[in-house]
Amino acid sequence: NAGVTQTPKFQVLKTGQSMTLQCAQDMNHEYMSWYRQDPGMGLRLIHYSVGAGITDQGEVPNGYNVSRSTTEDFPLRLLSAAPSQTSVYFCASSPRADPGQFFGPGTRLTVL
Amino acid sequence: GQQLNQSPQSMFIQEGEDVSMNCTSSSIFNTWLWYKQDPGEGPVLLIALYKAGELTSNGRLTAQFGITRKDSFLNISASIPSDVGIYFCAGSTSGTYKYIFGTGTRLKVLA
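If you read the protein sequences in the order shown, they are chains E and H.
First residue of the first sequence? That's 1 in the working numbering, and the numbers climb one at a time after it.
First residue of the second sequence? That's 113 in the working numbering, and the numbers climb one at a time after it.
Check the hints yourself; a few may be wrong.
[Said to hold, decoys possible] Under the rule of at most 30 Å between Cα atoms (straight-line distance), these lysine-lysine pairs were calculated in the DSBU-like manner:
#	chain 1	residue 1	chain 2	residue 2
1	H	K220	H	K148
2	H	K163	H	K210
3	H	K148	H	K210
4	H	K148	H	K163
5	E	K9	H	K220
6	H	K182	H	K210
7	H	K148	E	K9
8	H	K163	H	K182
9	H	K210	E	K9
Hints listed in this document are in silico derivations from the structure and should not be mistaken for laboratory results.
Modelling step: build the complete structure from the supplied sequences, incorporating the hints.
And the structure:
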């Protein structure tokens, strides 16, 4: 199993641009989530999904959209990038019955 | 957003020493998790705790779910250089998949 994969690893955007961060898992996990990690801070939940077709907001959802059309994929869309969205983004997944999450390697995003 | 308070923020220790860190919250949690993050990587789950008072070990690591359900503790015995990294706690309330993460404890081990 590849586990949780994220693409791209690095991305630089200009203010106002849009883009999609990709996340995929091959473990048939029902639960998937997106976090952002800023320097000196813990991870903050952006959006999460408990299964295909079901998504909900986390702590910091503004400026981000998600969808979950398949169990495997959970893309995160930045609608109009802002410098405040410069961060490292992590995707995670877990089986429904197990709260422990498997994290991907992260995407480092810089917005100029 | 809400964050858990972890202490200490950072610590230098000598190889072979024991390490203790803790995490406190103003809210009651029903699940506590401890993660380790190496530079440039995602966090890796170390220990999961599900019940107040629970004490769980994973090799040299031992974690406890505080009886007030507002805190948790992680101990590392006989530290080695590869223990270097950032340790995060995370908690959630019953029936939710929303995890609140602590601010992290950065551990540096001096050989």
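Exercise. Holds or violated: are the alpha carbons of K220 of chain H and K148 of chain H at most 30 Å from each other?
Worked result: Given pair K220 of chain H, K148 of chain H holds - Cα atoms ~13 Å apart, limit 30 Å.
Exercise. Can the restraint linking K148 of chain H and K9 of chain E be considered satisfied, given a maximum Cα separation of 30 Å?
Worked result: Holds. K148 of chain H to K9 of chain E sits at ~20 Å (cutoff 30 Å).
Exercise. Is it true that the CA of K163 of chain H sits at most 30 Å from the CA of K182 of chain H?
Worked result: holds (12 Å)
For this session: Sort out whether K9 of chain E lies within 30 Å of K210 of chain H, counting only the CA atoms.
Result: The hint holds at about 25 Å.
Exercise. Would the pair K148 of chain H and K210 of chain H pass a check requiring their Cα atoms to be no farther apart than 30 Å?
Worked result: Cα-Cα ~19 Å, so holds.
Problem set entry | Hinted pair K182 of chain H and K210 of chain H, Cα distance within 30 Å | It holds: about 16 Å lies between the C-alpha atoms, which stays within 30 Å.
Exercise. Has the given pair, K9 of chain E with K220 of chain H, been kept, meaning a C-alpha gap of at most 30 Å?
Worked result: Within the cut-off at roughly 26 Å; holds.
Exercise. Between K163 of chain H and K210 of chain H, is the straight-line Cα distance small enough, at 30 Å or below?
Worked result: holds (18 Å)
Problem set entry | Distance restraint between K148 of chain H and K163 of chain H, which requires alpha-carbon spacing of 30 Å or less | holds (21 Å)
Checked against the numbered hints given earlier, the structure satisfies every one of them.
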